[in-house]
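Visitor: Sequence:
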Amino acid sequence: MPLHDLPKNFTTANLPFNWIDYVQGALGSEMVQIDIPIDEPIIVRAPLYFERLFSTLCKYDNRTIANFMIWRIMQNRANNLSQRFKDLIQNYNQTLQLIGNLLESFHELLEHADWMDDATRIVAREKADFIQKKIEYQDDIMDDEILNEIYQNITINADTYLANVLKVISSISADSFLFLRSRSLNYVGIGVVIGHEITHGFDDRGRQYDKDGNLVQWWSDEVITRFDTQTQCLVNQYSNFTLPELVEEGLNVCIQFNLDQ
1 MPLHDLPKNF TTANLPFNWI DYVQGALGSE MVQIDIPIDE PIIVRAPLYF
51 ERLFSTLCKY DNRTIANFMI WRIMQNRANN LSQRFKDLIQ NYNQTLQLIG
101 NLLESFHELL EHADWMDDAT RIVAREKADF IQKKIEYQDD IMDDEILNEI
151 YQNITINADT YLANVLKVIS SISADSFLFL RSRSLNYVGI GVVIGHEITH
201 GFDDRGRQYD KDGNLVQWWS DEVITRFDTQ TQCLVNQYSN FTLPELVEEG
251 LNVCIQFNLD Q
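Yeah, the sequence shown ends on 261 if you go by this note's numbering, and it's all consecutive.
Treat the hints as calculated values from the structure; they're not laboratory data.
From the three backbone atoms N, C-alpha and C, an ideal C-beta is built for every residue, glycine too.
Some hints here could point you the wrong way.
Simulated DEER-style distance windows between Cβ atoms [as the list claims (entries may be wrong)]:
id : residue 1 : residue 2 : range
1  : Phe241    : Leu185    : 23 to 31 Å
2  : Leu27     : Arg52     : 19 to 27 Å
3  : Asp143    : Asp118    : 46 to 54 Å
4  : Leu234    : Ile65     : 44 to 52 Å
5  : Phe241    : Val188    : 57 to 65 Å
6  : Asn214    : Ala13     : 31 to 39 Å
7  : Asp143    : Tyr187    : 33 to 41 Å
8  : Asp143    : Phe241    : 17 to 25 Å
Here are the simulated DSBU-like pairs of lysine-lysine, each with C-alpha atoms no more than 30 Å apart in a straight line [unchecked claim]:
id : residue 1 : residue 2
9  : Lys86     : Lys133
10 : Lys8      : Lys59
11 : Lys133    : Lys59
12 : Lys133    : Lys211
13 : Lys59     : Lys134
14 : Lys59     : Lys127
15 : Lys127    : Lys86
Whole structure, please, built from the sequences with the hints as guidance.
Guide: Listed below in structure tokens is the structure:
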């Protein structure tokens with residue numbers, strides 16, 4: 001397409017971009033000024049990419065975009081940075097790999113879940129594929145004033161799911177999880193915790209919500225019956241466990257309301 005058509009096809013009203021100045025500036029320099037005719041043919045190898053680029057950029061504020069660009073530059077040039085930055089990127093990538101491996105193993109478990117029918121298994125796969133990896137957080141999340149401003153128009157109900165976000169409680173954020181150990185220790189440490197949290201989206205509570213967090217019953221009645229039958233074995237087993245010092249009080253290990261754990 002000609003150069004003058006770039007602004008028509010690859011920009012938005014909310015995010016104008018001067019393609020002509022950009023192309024001429026990119027091909028020239030401070031010492032050499034290049035004047036490219038506006039009807040010069042331009043080969044756009046990935047038009048769909050540029051169409052989506054500007055619509056995507058309009059969804060985020062300038063700070064988020066700047067942070068993303070800085071991060072990608074640092075990630076790309078990690079070999080030129082100090083060892084501290086190299087370690088950070090390596091640790092981040094290893095954590096992503098750990099989560100990816102756990103999700104892959106979870107997919108294998110879904111294939112061997114004999115209490116699921118094929119229709120339920122398909123939806124379970126889709127939900128598993130939709131799980132987003134969230135590692136660390138922005139400083140804003142600890143700023144009460146900013147959070148209050150963001151959520152001032154939202155009525156919070158403790159019984160309402162806002163989204164399928166798995167939260168790691170503070171009691172398991174011990175020092176042993178702050179640093180990456182050997183791969184084996186990582187998998188039996190934080191790996192066990194992450195794997196456990198993944199299953200919550202597919203237990204007797206997670207089955208009530210779809211991949212988008214909407215209240216939807218995606219298990220068939222037959223699947224629910226099979227699940228209840230198999231978990232009843234655990235209920236019966238643990239109901240027979242008692243603590244000697246509490247026998248007089250008639251207390252035992254109650255699993256009926258903790259099957260998801």
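Visitor: With reference to the structure, classify each hint as holding or not holding.
Guide: Now for the hints, and whether the structure bears them out:
{"no.": "1", "hint": "Phe241 x Leu185: 23 to 31 Å", "verdict": "holds, 30 Å"}
{"no.": "2", "hint": "Leu27 x Arg52: 19 to 27 Å", "verdict": "holds, 25 Å"}
{"no.": "3", "hint": "Asp143 x Asp118: 46 to 54 Å", "verdict": "holds, 47 Å"}
{"no.": "4", "hint": "Leu234 x Ile65: 44 to 52 Å", "verdict": "holds, 49 Å"}
{"no.": "5", "hint": "Phe241 x Val188: 57 to 65 Å", "verdict": "violated, 25 Å"}
{"no.": "6", "hint": "Asn214 x Ala13: 31 to 39 Å", "verdict": "holds, 32 Å"}
{"no.": "7", "hint": "Asp143 x Tyr187: 33 to 41 Å", "verdict": "holds, 34 Å"}
{"no.": "8", "hint": "Asp143 x Phe241: 17 to 25 Å", "verdict": "violated, 45 Å"}
{"no.": "9", "hint": "Lys86 x Lys133", "verdict": "holds, 21 Å"}
{"no.": "10", "hint": "Lys8 x Lys59", "verdict": "holds, 20 Å"}
{"no.": "11", "hint": "Lys133 x Lys59", "verdict": "holds, 20 Å"}
{"no.": "12", "hint": "Lys133 x Lys211", "verdict": "holds, 14 Å"}
{"no.": "13", "hint": "Lys59 x Lys134", "verdict": "holds, 19 Å"}
{"no.": "14", "hint": "Lys59 x Lys127", "verdict": "holds, 24 Å"}
{"no.": "15", "hint": "Lys127 x Lys86", "verdict": "violated, 34 Å"}
Figure legend: structure checked against the earlier numbered hints; hints not met, in rising order: 5, 8, 15.
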